[in-house]
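Read top to bottom, the protein sequences are chains A and B.
Read in my numbering, the first sequence has 77 at position 77, and its numbers run on one by one without any break.
Adding 201 to a residue's 1-based position in the second sequence gives its number in my numbering.
Just so you know, these hints were derived from the structure itself, not from any lab.
All C-beta atoms in this analysis are idealised placements derived from N, C-alpha and C, irrespective of residue type, glycine included.
Fair warning: there could be bad hints in the mix.
[Unchecked claim] Here are the simulated lysine-lysine pairs, DSBU-like style, with alpha carbons at most 35 Å apart:
1. A:Lys192 to B:Lys314
2. B:Lys295 to A:Lys193
3. A:Lys182 to B:Lys295
4. A:Lys193 to B:Lys451
[Stated by the list, open to error] Pulled from the structure, derived: some chain B residues nowhere near chain A, Cβ distances all over 10 Å:
5. Leu300
6. Phe365
7. Arg393
8. Arg443
9. Leu454
10. Glu470
11. Ala488
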Amino acid sequence: MDTKVQSGNTLLEEICAMPGGEGIRLCIQCGTCTGSCPSADKWDFSVRQAIAMARAGNLEELLSSNSMWFCLSCYLCTVRCPRDVKPTEVMHAMECVAARHGLSTKRSSTPVMYKAFADCVKNNGRLHELGFMALFYQRKFFFLLRTNPLSALKMVTLVGMAPRGIGLFSHGRLGLRGAKIKGNKELKAIIKKAEELGGAL
Amino acid sequence: MKYYSYYPGCSNSDGGAKSYGSSTEAVAKALDVELHELEDWNCCGSTPFTGVNELGSLCVAARNLALAEKRGLDLVTPCSSCYIILARANLHMKESPKLGEKVNEALAAGGQKYNGTIKVRHILDVLANDVGYDAIKAKVKRDLAGLKVAPYYGCQVVRPGPGFDHPENPQSLERVIQSLGAEATPFPLRTRCCGGSLIVSEEDLALELIRKLLDNAASNGAECIVTVCPMCQTNLDVYQSRVNRKFKTKFNLPVLFFTQLMGVAFGTEDKALGLRSGIIPADRVLARYTRK
Chain A
1 MDTKVQSGNT
11 LLEEICAMPG
21 GEGIRLCIQC
31 GTCTGSCPSA
41 DKWDFSVRQA
51 IAMARAGNLE
61 ELLSSNSMWF
71 CLSCYLCTVR
81 CPRDVKPTEV
91 MHAMECVAAR
101 HGLSTKRSST
111 PVMYKAFADC
121 VKNNGRLHEL
131 GFMALFYQRK
141 FFFLLRTNPL
151 SALKMVTLVG
161 MAPRGIGLFS
171 HGRLGLRGAK
181 IKGNKELKAI
191 IKKAEELGGA
201 L
Chain B
202 MKYYSYYPGC
212 SNSDGGAKSY
222 GSSTEAVAKA
232 LDVELHELED
242 WNCCGSTPFT
252 GVNELGSLCV
262 AARNLALAEK
272 RGLDLVTPCS
282 SCYIILARAN
292 LHMKESPKLG
302 EKVNEALAAG
312 GQKYNGTIKV
322 RHILDVLAND
332 VGYDAIKAKV
342 KRDLAGLKVA
352 PYYGCQVVRP
362 GPGFDHPENP
372 QSLERVIQSL
382 GAEATPFPLR
392 TRCCGGSLIV
402 SEEDLALELI
412 RKLLDNAASN
422 GAECIVTVCP
432 MCQTNLDVYQ
442 SRVNRKFKTK
452 FNLPVLFFTQ
462 LMGVAFGTED
472 KALGLRSGII
482 PADRVLARYT
492 RK
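Only chain B is shown next, with the shape it has when bound in the complex (with noise of 0.2 Å):
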């Protein structure tokens, strides 16, 4: 058993992601990993935080930093964007000392405090790395053979870093997926941006670099796209319609969390994957291997 603290995400865990907090939580369960959920975790602030007000964004932050500490477990959580956050909150306070005694007056208004002990971890870094390859495979029951899966990363999974894979061509997602017995298809912009946040207020921007994504995953040969954040899920799937009607494209690319593929592959129970979120329905491509 490995034992981690828990932080979902807002989008994940009372959200348009729910199915990622889900079928992360029942993923993990079967692969030996004990993700207690941090206790009153507040939202990590995101990007739009950091454009408002610097100091604050750290604090907020660092409030949950500051809660992993009484447990002094590695903090994992599946969302990209909460992960380079509180990374990034963790990083500042180490590289300036009288930043972090800032942010530690504030956290006081509070009462929390943070000595800078608590590592941030991506699930799937955790679930690569830690758990591994083989023990993924181990617990394959319905092999994903022939499935052709575009791997996608997005940006804050791998960026800044120094993270756990290669800034622009990584491959523990690949890995995954290959582990999983489904084929990795070639995806050279996986790791382009998708958007993010600037969806809401820069529609037109957001909409060009989505169907540039998707043209590059369906001129590979992808059936479906698994993603491992709740943001690039998001834009890919809900805008996918959107991106249709505006360039006249005909894309019907179903959008996975990378831990839904790994639950129909260990024959996870429907309810914890919720394959049914997905506004371009799965069930065409998952059929066979989602059969009785």
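Next up, chain A with everything else stripped away, as it sits in the complex (with noise of 0.2 Å):
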């Protein structure tokens, strides 16, 4: 009880030290966020819910859940919170912290979508949108083998990609080749020394 308590309590700093973490400590739970949420009932803890455990040190739970990653950056809650909480922030680096931690959720292939886009713009300096939709795919594929075998079997035909993908080509929006720029190396030295320094504060 004592070890799990004490590693909520450190995974809550790490959240308070992320950009916008911080907010979470002025919270009153007053819901408005929830209420704002477009996507609130995908959520295995709303908002509000997520913000609740997270300071009660129920993070293991929290973070193993399919809650953050359903955010969707809209910042209508953040508009709305009268304690201006950033919840969109606090969302985002509690994603931060479950991937730093490698607790992850079975429940949503986001943070799979994630990092392939991240790792797209950490190669290349660009995003080449057909390149990225061919690494997530790939990925996702595992990710389902792990999660749910039947509906992997069912990607693989790729039947229902396949029109919005012509679809793109004859109206000249997909792109074969990426762009790479110059200053590859330079980004990459950067982002490496960011992942060195880790954290945010």
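These two chains come separately, so use the hints to put the complex back together.
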């Protein structure tokens, strides 16, 4: 029990140390965030609950849930919060802490998608949409094999995606080759250094 | 002539929204706005990076701000996501000098330094407020009278702010539409989310949000929708047929970038406007204005 509370508190400290994460201490639990959230019904724990759980030190359960990963970054909660908590930033802080500690959810492939996106940016300096989608679907396949094998099999057919891919291509919207920036080496060094420095503050 | 540094963003330069980039550039030229593309800019990291590595996401964005500082002009982007991500890095570095130092420590590893002097702007802000509605009106060659347009802002162009317009009840896009002679239809959900990048990972959730938006635009009499963001355009246009299949609806609403609509009114050449890039064809509603 003691160790769990302690690890919960450490994780809370980490969230508070992220830019925008410190707002979590100001929350009065009014629920305006959850009431404003367009995806609230999909969260295992709503925005308001997520903040309460984090403050109660119940972070492992929270960070292993699908909450946060359904945040659309629409900032509606942020502009309406009467305490200026900036829940959108708090959710991103929670995502980063979850990623850092290897806490993952089986109930959303958003973390897989985010990671694939970031890796594409790291590799080329720009996002090549087709390359990103290919990487994401490849990783999603393995994610589904672990979490929901039946839908992984369905995915192999890729039938659902074909019409949109063809549509985009025929309208000149699917670039086959991605651009690379000249300063790619420098950008990689910046990201590497940022990862070494870790955390935010 | 007005001068800006220009950050097109990945989608608008080489991705699925090339027509947004080219129409932005054409319209800016017509309005005596010089957009000087930032040399060797990198992806801003967008929302996904903020959920992977917090400090890394700020540094990826800040490299662009550092590059822009060499010229010192306001940095303009047509993409709402780039806009919010670049502005966010700016804000966090300003609010926390300690964090700013840390970002600069990482930037130094790539030979860059950012002093926090760049203002990030969205192209809608520049056209509405720096150029102004009267100047837009003065450039109109084909009045779009009778065209009913739903002004769709999406989220990140107006939130979290404080920005150039109201976070939930903005007006600048309506006024641009009216300056072109067209009618901006009521659109109560115009600052509600289209699902953003979650269309990739949580398609069912995003399709529901898209359906609500299309329904709201159509039931208020819109013939087409205009957007200010490549992600919004993709979700509403490319996924419209998927919404129709899933919800047994019959939406057939072309989704244009607001700069494309401006270009139609200005008589800009077709190649720059890229009107054919929309999956839902816009010819049907624009034919009466584009005929030579």
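Consistency of the hints with the structure:
1. A:Lys192 to B:Lys314: holds (16 Å)
2. B:Lys295 to A:Lys193: Measuring from Cα to Cα gives roughly 21 Å; hence the hint holds.
3. A:Lys182 to B:Lys295: Given that 35 Å is the threshold and the Cα spacing comes to 29 Å, the pair holds.
4. A:Lys193 to B:Lys451: violated (51 Å)
5. Leu300: Non-interface label on B:Leu300 violated, nearest chain A Cβ at 6 Å vs cutoff 10 Å.
6. Phe365: holds (14 Å)
7. Arg393: At roughly 6 Å from the nearest Cβ of chain A, B:Arg393 sits no farther out than 10 Å, so the non-interface label is violated.
8. Arg443: Contrary to the label, B:Arg443 does not stay out of reach of chain A, its closest Cβ about 7 Å off (not over 10 Å).
9. Leu454: The assertion about B:Leu454 holds, with a minimum of 16 Å to chain A.
10. Glu470: holds (16 Å)
11. Ala488: holds (18 Å)
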